[in-house]
Amino acid sequence: MADMSPEQVEELKEKLKNMSPEELREFQKKQCIFCHIVAGRAQAKKVYEDEHCIGILDINPANPGHVLLLPKEHYAIMPQIPEKEIMHLGITAKKLSHALLRALHADGTNIFIANGVVAGQKAQHFMIHIIPRKEHDEVGIDIPEKLLSKQQLQQVKQHILPSIMKSLGIQAAKREEAGKEPVEQVTPKEQIAVPAPRHEPREVVIEETPRKAQPKAAKKEQPKKVQTKDEDVTLDDIADLLGGS
Amino acid sequence: MMTDCKLCSLEEYLKLIEHEEITYAQPHKPAIPGHVLMIPKQHMQIIEQIPDEDFGKMMVQANKISMALFESLQAQGTNIIIQNGISAGQKDPHVCVHVIPRREEDGLNFLWVPKTLNEEEMSTIELRIKENLTVQLKPKEVEPPKPEKVTDDYLLKQLHRIP
Numbered sequence: 001m002a003d004m005s006p007e008q009v010e011e012l013k014e015k016l017k018n019m020s021p022e023e024l025r026e027f028q029k030k031q032c033i034f035c036h037i038v039a040g041r042a043q044a045k046k047v048y049e050d051e052h053c054i055g056i057l058d059i060n061p062a063n064p065g066h067v068l069l070l071p072k073e074h075y076a077i078m079p080q081i082p083e084k085e086i087m088h089l090g091i092t093a094k095k096l097s098h099a100l101l102r103a104l105h106a107d108g109t110n111i112f113i114a115n116g117v118v119a120g121q122k123a124q125h126f127m128i129h130i131i132p133r134k135e136h137d138e139v140g141i142d143i144p145e146k147l148l149s150k151q152q153l154q155q156v157k158q159h160i161l162p163s164i165m166k167s168l169g170i171q172a173a174k175r176e177e178a179g180k181e182p183v184e185q186v187t188p189k190e191q192i193a194v195p196a197p198r199h200e201p202r203e204v205v206i207e208e209t210p211r212k213a214q215p216k217a218a219k220k221e222q223p224k225k226v227q228t229k230d231e232d233v234t235l236d237d238i239a240d241l242l243g244g245s
Numbered sequence: 001m002m003t004d005c006k007l008c009s010l011e012e013y014l015k016l017i018e019h020e021e022i023t024y025a026q027p028h029k030p031a032i033p034g035h036v037l038m039i040p041k042q043h044m045q046i047i048e049q050i051p052d053e054d055f056g057k058m059m060v061q062a063n064k065i066s067m068a069l070f071e072s073l074q075a076q077g078t079n080i081i082i083q084n085g086i087s088a089g090q091k092d093p094h095v096c097v098h099v100i101p102r103r104e105e106d107g108l109n110f111l112w113v114p115k116t117l118n119e120e121e122m123s124t125i126e127l128r129i130k131e132n133l134t135v136q137l138k139p140k141e142v143e144p145p146k147p148e149k150v151t152d153d154y155l156l157k158q159l160h161r162i163p
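Protein chains in written order, with the numbering used here: chain A, 1 to 245; chain B, 1 to 163.
Chain A with its partners taken away, still in its complex shape (with noise of 0.2 Å):
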């Protein structure tokens, strides 16, 4: 792919603007690093494998023993996956977490999950990072804390409640003993932007995500400023949150 003519690069370009949105996932899917590793066409630390999911050794580790589990199936973000196969994946989790205690001698392990580029995703296939921690090993995962005053806090806590006990099931059982549909699951992954595929055009990445994704208004009250991380949060800064609404 790397040593395309500028021809090829066109009629690649052509092609893809071509493309469904089915098709672009199977393209996606073979330009996909870790889809080849997991097939064993691309080589890989390979600590765990089973019918699901491989984990593999971090080639640019956090920590020594930095370890990537990763579903078989391709999968971009986690909102795409069956509750099924995030279930296992929890549990190998929580079993490479175990090993990396024991093998390597941490004194802790992070799990961390990025859903996006914004988020630091990086690549384009879905995965778990389970990191070994040691004491003063700077790996930079500390989570800042901003103080919010009750006011604040009860002001998001009403804007994001309705939609944490839909995607729960609460309202939906409620709904059912009424007598009525269950409240159809949301999955908001069009407006998530995954990575580019490495070496595909850019066109790609706009392609594969609808145009009507990005909702008009949570661009416009994008902060002007960038937040540093010491700034405490004022009111504007949560309705530049809540601007959708």
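Just so you know, the hints here were simulated from the structure itself, not pulled from any lab data.
These figures come from a predicted structure and were not determined experimentally.
Treat the hints with care, since some could be wrong.
Claimed, not checked - Here are the computed lysine-lysine pairs in the PhoX-like style, where the Cα-Cα straight-line distance is at most 25 Å:
id, chain 1, residue 1, chain 2, residue 2
1, A, K146, B, K91
2, A, K15, A, K29
3, A, K72, A, K45
4, A, K157, B, K115
5, B, K15, A, K157
6, A, K122, A, K13
7, A, K46, A, K134
8, A, K146, B, K29
Start from chain A and add chain B according to the hints.
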């Protein structure tokens, strides 16, 4: 329930809802508004104490919370983070899962600087983990002890200095 545990008492947390074995809450000091914490009602210090099935289910629920944050906050991404042990950044001796909504230029960054290892070091680590997993995954005849009984577990000793 441990009376001096902040995650048992929910001191410093605003409860969102309780569902099955988990309490969902917002920390008073979130990384960003919309930061949700999943706290198992039962007091357990590290994930190794949680039964496999329950932990798998927690990840399923974490995904649901992440989806809810995508929907309600129009998040452009989410992070799901577990800090297992004080060296991993765990602040209270009670398991919790962080679900954090993300957007561009939100000022958060959880990414690490990669370390470089040579081929030999990588192979040694590969072997050690594999060996350990082979032992661990052998079918056990004896039922593993219930979580509340493993207080003097080897792993807990490993995670010394939890406040």
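request  = Given the hint that A:K72 pairs with A:K45, test it: the Cα-Cα distance must not exceed 25 Å.
outcome  = 15 Å, holds
Hinted pair A:K146 and B:K91, Cα distance within 25 Å = 15 Å, holds
query = Are the Cα positions of A:K157 and B:K115 separated by 25 Å at most?
reply = 39 Å, violated
message = Given the hinted pair A:K122 and A:K13, is their Cα-Cα distance within 25 Å?
response = 22 Å, holds
query = Keeping to a limit of 25 Å between CA atoms, is the pair of A:K46 and A:K134 held or broken?
reply = 23 Å, holds
query = If you draw a straight line from the CA of B:K15 to the CA of A:K157, is it 25 Å or shorter?
reply = The given pair, whose Cα atoms are some 9 Å apart, holds under the 25 Å limit.
query = Holds or violated: are the alpha carbons of A:K15 and A:K29 at most 25 Å from each other?
reply = Holds: A:K15 and A:K29 sit about 16 Å apart, inside 25 Å.
request  = Take the C-alpha atoms of A:K146 and B:K29, compute the straight-line distance between them, and say whether it is at most 25 Å.
outcome  = 5 Å, holds
Hint 4 alone, counting from the list given before, is not met by this structure.
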